Amino acid sequence: MSGLSLDATQLDRYSRHIIMDEVGPEGQKRLLDGRVLVVGAGGLGAPVVQYLAAAGVGELVVVDDDVVERSNLQRQVIHADADVGVPKAESAKAFVERLNPDVTVEAHETRLDRENAESLVADCDAVVDASDNFRTRYLVNDVARLAGVPVAHGAIYKFEGQATTLVPGGPCYRCLFPEAPEPGEVPDCATTGVLGVLPGVLGTIQATEAVKLLLGAGDPLSGRLLFYDALEMSFETVPYRQNPDCPVCGDDPIDSIERVEYTGGCGIAD
Amino acid sequence: MDVTVEVVGEGEETLAVDDDATYAELARAAGYSPHEVSVLVDGTPVPEDGTVTAERVTLLRLIKGG
Numbered sequence: 001m002s003g004l005s006l007d008a009t010q011l012d013r014y015s016r017h018i019i020m021d022e023v024g025p026e027g028q029k030r031l032l033d034g035r036v037l038v039v040g041a042g043g044l045g046a047p048v049v050q051y052l053a054a055a056g057v058g059e060l061v062v063v064d065d066d067v068v069e070r071s072n073l074q075r076q077v078i079h080a081d082a083d084v085g086v087p088k089a090e091s092a093k094a095f096v097e098r099l100n101p102d103v104t105v106e107a108h109e110t111r112l113d114r115e116n117a118e119s120l121v122a123d124c125d126a127v128v129d130a131s132d133n134f135r136t137r138y139l140v141n142d143v144a145r146l147a148g149v150p151v152a153h154g155a156i157y158k159f160e161g162q163a164t165t166l167v168p169g170g171p172c173y174r175c176l177f178p179e180a181p182e183p184g185e186v187p188d189c190a191t192t193g194v195l196g197v198l199p200g201v202l203g204t205i206q207a208t209e210a211v212k213l214l215l216g217a218g219d220p221l222s223g224r225l226l227f228y229d230a231l232e233m234s235f236e237t238v239p240y241r242q243n244p245d246c247p248v249c250g251d252d253p254i255d256s257i258e259r260v261e262y263t264g265g266c267g268i269a270d
Numbered sequence: 001m002d003v004t005v006e007v008v009g010e011g012e013e014t015l016a017v018d019d020d021a022t023y024a025e026l027a028r029a030a031g032y033s034p035h036e037v038s039v040l041v042d043g044t045p046v047p048e049d050g051t052v053t054a055e056r057v058t059l060l061r062l063i064k065g066g
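Line by line, the protein sequences are chains A and B.
First residue of the first sequence? That's 1 in full-length UniProt numbering, and the numbers climb one at a time after it.
First residue of the second sequence? That's 1 in full-length UniProt numbering, and the numbers climb one at a time after it.
Next up, chain A with everything else stripped away, as it sits in the complex (with noise of 0.2 Å):
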């Protein structure tokens, strides 16, 4: 594949990537070429959403079946005053438009959940996770798990975030975390607040890692997670195993999500 492919406005426009060598005209391509489902147009969403069009992810899907309030735009940088009432997912759409021509987004104003999760991930090289609950993100893992597709992981409380990627071959989510706690027992941004930034350096972190994966450069972060927490201003890395007692990634994994409950905590009946 030569520079060639990429047509004048876009060798002006990608320069700084093409520059690189761990980019390149074929790099660019690559990004260009890839398709990459984002859950959540929130808080992580919104920086996800924002640096994978500026960086020319070709394909964006956006899923969400919430609207833009007046209290979400403290974080959520690619929503307006005036999208107040519309669908984050309409809101994303209208924002990658007016950003990057080169870009086209699949916007769907529904929760993912366990009937339309395949469909939503075949086809598409990597998953951003951005979603705001325990049972999406369950099912994101075990979904994207068993396509074959990786997962850039993000999740943010007040002053603080984690992220860790997931990638086939590695261990997932579930690794790490075997069982949801049940619905209450751990608290939500619009109970206890949230630093309005935070979700930015944790967007980006997760945008990071999905181009990537996309260009395939550099390592993942697989098997680490990483923990920010923004008061001390400080970063952790917590190395994490594969664990071969996982039900998705283990030594007998499901090859469905047919048995799982995603109620609770997300477990796998006997």
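In short, the hints are calculated from the structure, not lab data.
A couple of the hints might just be wrong.
Said to hold, decoys possible - Straight-line C-alpha distance at most 20 Å; calculated EDC-like pairs for lysine to aspartate or glutamate:
#, chain 1, residue 1, chain 2, residue 2
1, A, Lys212, A, Glu22
2, A, Lys158, B, Glu10
3, A, Lys93, A, Asp66
4, A, Lys158, B, Asp2
5, A, Lys212, A, Asp125
6, A, Lys93, A, Glu59
Stated by the list, open to error - Example chain B residues on the side facing chain A (calculated, C-beta under 8 Å, incomplete):
#, residue
7, Thr4
8, Val7
9, Gly9
10, Leu60
11, Leu62
12, Gly65
What the hints assert, rightly or not - What follows is a list of derived Cβ distance ranges for each label pair:
#, chain 1, residue 1, chain 2, residue 2, range
13, A, Phe235, B, Pro47, 25 to 33 Å
14, A, Glu185, B, Asp20, 20 to 28 Å
15, A, Ala190, B, His35, 16 to 24 Å
16, A, Arg16, B, Asp18, 56 to 64 Å
17, A, Ala147, B, Gly50, 29 to 37 Å
18, B, His35, A, Glu258, 19 to 27 Å
19, A, Asp251, B, Val41, 15 to 23 Å
20, A, Glu258, B, Val41, 25 to 33 Å
Predicted model, so just to flag it, every value in this text is computed and none were measured.
Ideal Cβ positions, reconstructed from N, Cα and C, are used throughout, including at glycine.
Given chain A, put chain B in place with the hints provided.
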């Protein structure tokens, strides 16, 4: 027995637990519900009803916000 507990993001402390204490009891002794943390030994979660045998564990809190 004495167990060194590192809570990611919070630091570490050494706790004295009964010889037959479970990892769930260890998590509670550290101030957390066993359902809101993953107890890791050498990078792998251990069952919450398992008896504590490790001298050092890592507690990782589950967070869900997005």
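Now the hints, each set against the structure:
In summary, the hint linking A/Lys212 to A/Glu22 is supported, as the alpha carbons are separated by about 10 Å, within the 20 Å threshold. Distance check on the hinted pair: A/Lys158 and B/Glu10 sit about 14 Å apart at the alpha-carbon level, within 20 Å; holds. With a CA separation close to 14 Å, the supplied pair A/Lys93 and A/Asp66 stays within the 20 Å bound. Note on A/Lys158 and B/Asp2: the hinted pairing is violated, with a Cα-Cα distance of about 32 Å set against a maximum of 20 Å.
With a C-alpha separation of about 11 Å, the suggested pairing of A/Lys212 with A/Asp125 holds against the 20 Å cut-off. Simply put, A/Lys93 and A/Glu59 have alpha-carbon atoms about 11 Å apart, close enough for the 20 Å limit, and the pair holds. For B/Thr4, the shortest C-beta to C-beta distance to chain A is roughly 15 Å, which exceeds 8 Å, and the interface hint is violated. A cut of 8 Å between beta carbons decides the hint on B/Val7: the least distance to chain A is about 11 Å, and the hint is violated.
Checking B/Gly9 against chain A: minimum C-beta separation of about 5 Å stays under 8 Å; hint holds. Hint status for B/Leu60 relative to chain A: holds, with the closest Cβ pair at about 6 Å, below 8 Å. About 5 Å separates the beta-carbon of B/Leu62 from the nearest beta-carbon of chain A, less than 8 Å, and the hint is met. Interface restraint check for B/Gly65: the shortest CB-CB distance to chain A comes to about 4 Å, inside 8 Å, so the restraint holds.
Between A/Phe235 and B/Pro47 the beta carbon distance is about 30 Å. The supplied range of 25 to 33 Å therefore holds. Range check, A/Glu185 to B/Asp20: about 26 Å between beta-carbon atoms, so the 20 to 28 Å window is met. A/Ala190 and B/His35 have their C-beta atoms about 20 Å apart, which keeps the hinted 16 to 24 Å range intact. For A/Arg16 and B/Asp18, the Cβ-Cβ distance of about 60 Å falls inside the hinted range of 56 to 64 Å, so the restraint holds.
Evaluation of the 29 to 37 Å hint for A/Ala147 and B/Gly50 yields a pass: the beta carbon distance comes to about 32 Å. A C-beta distance of roughly 26 Å is found between B/His35 and A/Glu258, which places it inside the suggested range of 19 to 27 Å. At roughly 19 Å, the beta carbons of A/Asp251 and B/Val41 sit within the given window of 15 to 23 Å. Between A/Glu258 and B/Val41, the C-beta spacing of about 32 Å keeps the proposed range 25 to 33 Å intact.
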